[in-house]
Structures are given as C-alpha cells and as structure tokens.
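Which chain is which? The protein sequence lines are A, B, C and D, in order. Residues in the first sequence are numbered consecutively from 434, following the numbering used here. Residues in the second sequence are numbered consecutively from 434, following the numbering used here. Residues in the third sequence are numbered consecutively from 434, following the numbering used here. Residues in the fourth sequence are numbered consecutively from 434, following the numbering used here.
No wet-lab data here; the hints were simulated from the structure. You may find that some hints are simply not true.
If chains are identical, the list can't say which one is meant, so a pair holds when it fits in one copy or spans any two.
Below, a list of computed lysine to any residue pairs in the SDA-like style, where the Cα atoms sit at most 20 Å apart [what the hints assert, rightly or not]: (1) K635 x R646; (2) K714 x R646; (3) K583 x Q462; (4) K501 x M591; (5) K714 x E673; (6) K719 x I687; (7) K580 x R618; (8) K638 x L477.
What follows is each chain in one-letter form.
4 protein chains.
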Amino acid sequence: MSDKNTFVLTITCPDTVGIVAAVSGFLTQHDCFITEAAQYGDPLSRRFFCRIVFAAGALTPTRTEFEKMFAIVAERFQMIWTLHDLTKKPRVVILVSKFGHCLVDLLHRYHTGQLNIEIPAVISNHPEMRSIVEWHGIPYHYFAVDKHDKAGQEARVMEVIDRVGADLTVLARYMQILSSDMCTRLQGRAINIHHSFLPSFKGAKPYHQAHTRGVKIIGATAHYVTPDLDEGPIIEQSVERVDHTHTPDDLVGIGRDIENLVLGRAVRWHVEHRVLLNGSKTVVFK
Amino acid sequence: MSDKNTFVLTITCPDTVGIVAAVSGFLTQHDCFITEAAQYGDPLSRRFFCRIVFAAGALTPTRTEFEKMFAIVAERFQMIWTLHDLTKKPRVVILVSKFGHCLVDLLHRYHTGQLNIEIPAVISNHPEMRSIVEWHGIPYHYFAVDKHDKAGQEARVMEVIDRVGADLTVLARYMQILSSDMCTRLQGRAINIHHSFLPSFKGAKPYHQAHTRGVKIIGATAHYVTPDLDEGPIIEQSVERVDHTHTPDDLVGIGRDIENLVLGRAVRWHVEHRVLLNGSKTVVFK
Amino acid sequence: MSDKNTFVLTITCPDTVGIVAAVSGFLTQHDCFITEAAQYGDPLSRRFFCRIVFAAGALTPTRTEFEKMFAIVAERFQMIWTLHDLTKKPRVVILVSKFGHCLVDLLHRYHTGQLNIEIPAVISNHPEMRSIVEWHGIPYHYFAVDKHDKAGQEARVMEVIDRVGADLTVLARYMQILSSDMCTRLQGRAINIHHSFLPSFKGAKPYHQAHTRGVKIIGATAHYVTPDLDEGPIIEQSVERVDHTHTPDDLVGIGRDIENLVLGRAVRWHVEHRVLLNGSKTVVFK
Amino acid sequence: MSDKNTFVLTITCPDTVGIVAAVSGFLTQHDCFITEAAQYGDPLSRRFFCRIVFAAGALTPTRTEFEKMFAIVAERFQMIWTLHDLTKKPRVVILVSKFGHCLVDLLHRYHTGQLNIEIPAVISNHPEMRSIVEWHGIPYHYFAVDKHDKAGQEARVMEVIDRVGADLTVLARYMQILSSDMCTRLQGRAINIHHSFLPSFKGAKPYHQAHTRGVKIIGATAHYVTPDLDEGPIIEQSVERVDHTHTPDDLVGIGRDIENLVLGRAVRWHVEHRVLLNGSKTVVFK
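My request is simple: use the sequences and hints to build the entire structure.
Given below as structure tokens:
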C-alpha cells in the first residue's frame, strides 16, 4: 500500500462488543491515519455497518499483507468487507434511451470532475445521443431492440458491460425492462432512476399517474436494480412542489431536474463506497 | 351587503369566452372593489375555476338583491358558485383520538388568531385530551367506541356535528374509520390528515411501512374525506428528509411536525375558501 | 393578429375599481379567449399587476389595430403594458467565464426545448467553453479582459448584445463586474446568478463566507442586474441543506446544482413574461 | 455506573492517529457496549470531535472509577470531554415575551415526551403566558422590565436560572437584549431563536426586512447566545418558500412554524449532547 494513498474500508457484520476497538486498533497498529469514519448499528437486524477512510503511512504493509492480516480480524467478527484504493477511478457504464437529460447531466459532472469516474461506454437502444457522447470522447454503442429478439439485444449490452469491466452500470432513463437474469447478474452494481417518489407510482408514465391523483409534490428515486421492478433498495430520493396548474408535461419538465439531482447523488455516493446494503434497504454514509 | 364588508365569491363552470368579463363587469357595476382574484382553466376537463375577494361599496345592494342579480349571470355560464361573508367565522369541529399533537397545534393557531374560526366542539373516542380542550373554553365530547355498536358512537358524533352547525369537520388523527354513509354526508366539508405521503403507504401504520421500505423522505397528506379510504382529493402535502438511522419511532416524531404543518395549512385554506374541487383533485388558490 | 396565435399581455398600473372588467371586456369584445390570467394588487404600493395569456380568434383585428384600440383603455388606467406574440422566440445572449455549469445547463434546456428561446451568441472572457458552445451551433465570442482597458472589452460585449438584438442577457457565472453604465443600459433585461442566498454573503467567494459562518443551509439567487452589485430585484432563490462535514469545495459542488435550477427557472419565467417589476422587488406569476 | 444505564461521551481534541482506537479500546475493556458513535475531523482546524453512546455492562466500574481511569486516556490526547447519564433529565429554563408560539410548541414536546427534559421554570417580562404554563404545572416567573433598571430585572432572571440549576436556557422569542455579562455567563448553555435566515436580516423586525428586500425564501435560525448579537454559533436553520403576495404579517405567520421546528430541533439536539462547539461554528451529530 503505497504511502499517502487513501483507502476506503467498508464493513458489515453482526453487531457486538469490540468491533470498533478491533478495527481502529488494527489500523493504528499498521500506521494508518483515519480521516473519516461513520458507523451504524441497526437495532432491528442487529447488524453493524461502517465505512472508514484512511491514509496509509510509511509503515503500512503492502496491500496483500494488509488484507491477509485484516482477514483474521474480519473472520473473528464474521465481517463482509471491501477495501478500495481511492486513486483508482471506478468504471461506470451508462445506459440511455431517448430522454438524454440524466445522461447529459452525468457527462457534465464527469467532465468537470464532480464525479471522479471513468466512463468506458454509453449504450443505447436509440441512436439520438451518439453525437454528445462522442463529443466527450466516449464510445457509443447503439443496439436497437428487436421485438422478436430482446434477449439478443440484452446479450449485446451485457457483453459490453463485461468487456469494459464496469464497476457500476447506470440506467439513466433506459426505458427497457431488464430480464430477471440480467438484474441478478448486476445486483448491487446497477443503479436505476425511477421518475416517481417510490413506492408511489410504480411502472409506466409515473408523472401522468401523479397528475391524475392530484398530488402536491412529485419526486424521483434512485435505487439498486433487482429482479422486482421498482422494488430495489432505495439510495436517494428528492421531491419538488407542484400545483393544480401543472400539466403532465410540466411535471415531466420539473421532474427532469429532480431526476438529475437524485441520480447524480446516488452515483457519487456509490462510487465513493458510501452505500451499504441492509437487506432490502440501504445505509448511506453521506 | 353592509358597506366595507369583505366577501369571497367562488365559481366553477365550463370554460368559455367572457366569464371574467361578465363577473368583473358585474362587480364593477355594483360598486365592488376586487382585492384578490385567482382563476384557472383546466385544459383537460375544460372547466373554469375562480376565487374573487371583494369589498362591498357604498352603492352595493343588499346581499339578497346581489344574489338574485348574480344568479342571472351564473345561469348564463352554468356556474356552481358560493358567496361567503368573511366577517362570519367558520365553525370547525375537531375529532381526535389519543395522539393530540394536531389538535394542540390547531388550538394554538385558533388561540392566537392564525386560524380565524370558531371551535364549537371537540369530539373524541378517548378522554385524554379533555383537560387542554376545556382550558381553551371549548366543550369536549367523549364518546367511547363500543365494538358492538360502532354505529351508535358515530351517530352521537354526527349529532354534535349537526347540532353545533359545523361548516367543517377536521379529523385530527381520529383513528376510527368512518362509515361510508358519514363520509358521504360530510363530503367536501371534512378534512383528514393521513400520516404518509399519499398514495404511498395507505392504511394503518404508515411510518412503519415507510421504515420497512427504506424511503429517504417521509410525508403527510391532508385530504377531503370520501368513502374511499385515503383516496379523497388531496389539499396539501409536505415532506421531510429521513435516513437509515431513524427508527419507526423517530419517523413518528418527525412526522408529527409535518402533520401539524400540513393540516394547519389545509384547514386555513379551506376556511378561507381557497380550495375548489375538480373531480377527484383540488384547485388550491394559495 | 393571425387567428390561433397566442399572446401575453402584461399590465402594471395604479390599483382601482374596474381594471379587470375593462381589460377582460375588451378582450371578449375582440374575440380573444383568455387561457391564463393572474393578477396581484400590492396593498402597500397600491399598484396593480396582471398577466393575461389569450388566443386570438377569427374576429380579432390586426395587431396594429388591436394596439391602437387597447391604448385607449390603457391610458384611462395609466397602464404600463406590453404585448408579446408567443410564437416569436426571445433572443437570449449568455455571458460566461470559466465555470461552465450554468451555461451547459441552459444549453441543454435550450437543446431539448425546455427553454423556448434562440441563443444567437455566447460571450466569454475565457476561451474554455468554445467547444461545447460551437457543438450546439452557436457562435462563441471570446473577448479577453485587458486590465488596462476593461471598458474596451465591455464595449465589445455590448456591441454583440446590441447587434444580435438580445431580448435578454444572462450572466451565467460571468465573473466580471459590469460598469454602472452597462447595468443601466441592460436594466430589466439582464439576469445574474449569485451563488449565495442573498442578502447573505454578497460579493466574492460566497461559499467560503458561508463555510466560515457555519450556516446549515446554502443557496443561490437569480436577480435582475442593477448598478448596485447584488442588490437587484430577486426573481428566484433556492437552497440546499449542508452540515459541518462539508468543505468549501463541497459547498461549491452542491451550490452548482442550486445555481442551475435557480437560473433555469428565472430565465424561463422571464422569457414567458411572468416577471413584473415592483420597485426593487418582483411579482412572479408562476 | 449502574448496569444497563446509557451514557453519552463527547470528546474534542487535536486530531491525530489512534484516538478512536484508544477510546473504543477503553470502552470495550470496561464492558461498555457502543450503541451509537459519530466522529468528525475538521481538516481546517485539525481538531477531532466525537460523540459515543454506550450502555454500561455488568463489569463496568463505578462512575468515579470510570472517570478517574478515562482521565488518563483523555490527558494523553489533550481531550476536552463530558460524560452524561441519559437517565438524568436535563433541566431547561425557558424565557419568553409576548409571542408564545415557541413556548407552546416546546411545552407540547415536553408534555408528550418528545423532549426528554425537566422544565423547572418559565420566565417572562410579560404576564400573558402564565395561564398555559401553570396548566402544565410549571412555575411562571414574571419580572417586568423597568426601563431605568434593566440590570435589576436581568439579575432576577439569572437568580432563577441559577437557583433551579438550569442546564440549558432557551430564549423562545424573548425580546430583550441580554447584557454582555449574562451572555458570557450562559455561553454554551443558552440557545436563542432568531426569526431570520442568518446572517441575513440581523436585528429587529427581520420579517419586515425580508419583505422589503423581496426575498423568495424566509427562514429561522437557532444559535448559541454570545455577547455578539445574532452572531453566535448556528445550531440549526430551516426555510420556507414565500412569494410576492405575502404581506409582512403573512411572513410572521409562516415564520412561526419555521421557528417552532428549528428551535425544537436545536433544543433536542443540545439536550441529547449532539452539538459540539468548533470555534464560532458547531458540529451537529444528528
């Protein structure tokens, strides 16, 4: 572990006495300086979650050594743990259909360094967004959906995701329902933006549903993809006030801004390893 | 119509050319000075809604005369209309169970003049809130619910509502499901506070449902009572951000403040005649 | 006034009896169908403001005729009024420096039709944003600031604004202080985004000021440009919650999203003629 | 330290390697189970802050023993630290003038157990709120302000605060400016609610100032009292959207609800020992 590099350690395990003492003792002992730490013990599931950011010191061992030794601590507490080197940029693949606002927003955050990621590929079932994507120097993969061979199109999408080594796949208003198999394969590393305040208005045309019900606030939800449509663990939500004068089209317009914000935050938190899964829910260390 | 008195005129009718010209012409002609006006034409239902506040002038006729003459204008445009004298305080009956926060909040708004209303009665199926209500000099009617005679208890509640001449009945966390008959009788003049961001989490224990689903924002909804539980026209909603650290009890606590705000606004808007029904939705002229 | 075209009429005048009757009567008489109307009487300044959207009918006269006849009504009530044909897109010039987020956001809203405008020019004192602007097919004017000839650079900027016939000039994080003369010439048709919740933190580096003061909420403000720096009439503001963990750089990042939203709304409301000036304040008919 | 009791330990010290390891090691060693922990290292001031909630176990020593031993750890890291037994309710004295909404709100939160405190006294320079305070069974001290002897009135107020052993003094819209001496004596244990979004609109009549400036959002700020008026460390702020139709009186009404929320949160966080001072700012572990 090269000196001065910064790492994120995430841990999930049954809650018990001595976890923090053991982990912080281990880090201190190996010359690691904790710069951020957050923890949470769920009183219902009796599980413990933590995220620790630390800088390696002059006496910190190599990563292989470190992992071998930490595995002993981890086993004692039945930890599920990950260690990430923050100098390595996560590789994020973006899927999009015709509505490009979330894609454009992510590209701008990437372009200005707000999102510290690589984008090795953008994939779409429509050709419309090619030009802006290629302007950013990113390969654009256009795979049209053939009604009679949806599986074939999905296979081509998965092939790119696998080939470029995506750490995260973002469904930025990708208007295709993924197969159960693809959801399972991407579980925990695919984020979808749903254009409603879930669990309200699941499924299609949520802004029209919201208009029909006459709600006074609309929202958007970023969640992990699971085989159950719109039921995955929620990462972030945000809302905006509306009123009777807004048409469904107005709601779509207002919603765009909310979707951008919510998806931008969810992606950033994920790639900064701030989101831990707690059953069907998330623990987010902002 | 005594000189200087202020009135609110509300109108709903099919949208067409000349409504505003006819109404404002009528008012000008009868020496009425418009101090507030708001209107809305729904492009889907093709209906027109407006609310006009005006001060009667020296040459304004008596109310009976005024109404007789305005009825001619109204008939031409097939108007549903109401005329309210703002110097007459609406009579509001409050129903409550054990959770007193919404009641206490409404009483304080009433006490300080924020809500310009009379409260001729508070009715409860529990005795707990008697003391604070009577401190405000308001009669407290305690009707326990007999499992084998729910209809009898409801009849006693309705008897009070009718006897005191309630213009509005507020269900301030009244934890009894009203009969379809009572809902129908109070339609358009009973407001309920539901402790979730409808249409999410209908029915019982919404904060626990929200906790289980892991939402990042919770809310409350004030709506008109209809025979369809939690499906009535929404008047107002508000939300607050929560996170994984909040227990169901925390959500209940945070929710209380939202419920107070939302119900307080909905009651004020209703008694100021700012809320017009548009099918299963509302037009709110804030 | 060609049949079916839609117009916006805005009016400001001393408040008195009969304005609405006169205007709506005039429109009805000339076969105009009001689709939106909003009005406000300021009880302090005793001034009346309104905005009426109407569709011309088969019997509506030519625009010249219409204006000649309406001028008679307008004179009677001492009206300041404007009439805009909604089929003509407002011409918006954008000024930018190095921070491109607001520019990129406006370009995307323009590109997707959310902002129904023309952008005949983007002007900057830096070359950085040329590529993305020209990708949108918009001329980019780069005028470097010469410390010893600020007036010369400003003259070149004004020359473009005048030549392309800008209806509105937007300072999208343009980090130059305009001369008093330029402010005066653009008064009422130039919008600035200030990256704080005014009147807090005027002047330079507001996010750093906010960090030093330890505020728990930051914001952004869109306002009309006036010779008094950061004192112009406020059009829109929005805020976001922050906490002790946020560094000044974090605030800059969070602030970007707020600035985009606030400026996007202010520009839209302005070009839809929803913003009327009321002394040093605005009336915004959303 | 009786078994099963819950304690809060707060620590502030220079940031360095090994603090968390030392503290968590100490607690584990003395059979304490950490149920909540939050920490923050300020990269600018290089100071470390943490708050740990723990349950004493069967083998935990007496409080005196515990403190004696912990002092050794504390000295090593130059810690400023406090230890609170959560079973002991903090004693909160409330000061109020004529506007009673914040007082009534705090009393209701106290009454329903949302605020786990004792209120040994309410003090006022006006008699108006006596009745509701005494209804809650709390002594009401009315000390009128004599223009020629402000110091005498303040001395009587301080005498009550001292005599009842107040842990916290809350200025719930107490419209008297405290002397510099009193501010200094109460530093860190007195909270004021200012009815604006500080640092905007310091001083008197902030809602009128906000109306004059034409802001689109108003707010309230809870802060620790310091000799510099309205300049103390901010604990919490919240805001609400307003528009041109709101009169100064409307802003006062809307503001009341914000003040209640903000003050209610600040008091709760303070008595739960969630607020640590960081120079002129606060660290709030929500």
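Going through the earlier hints one by one, which of them does the structure break, listed in rising order?
-> Violated: hints 3, 4, 7.
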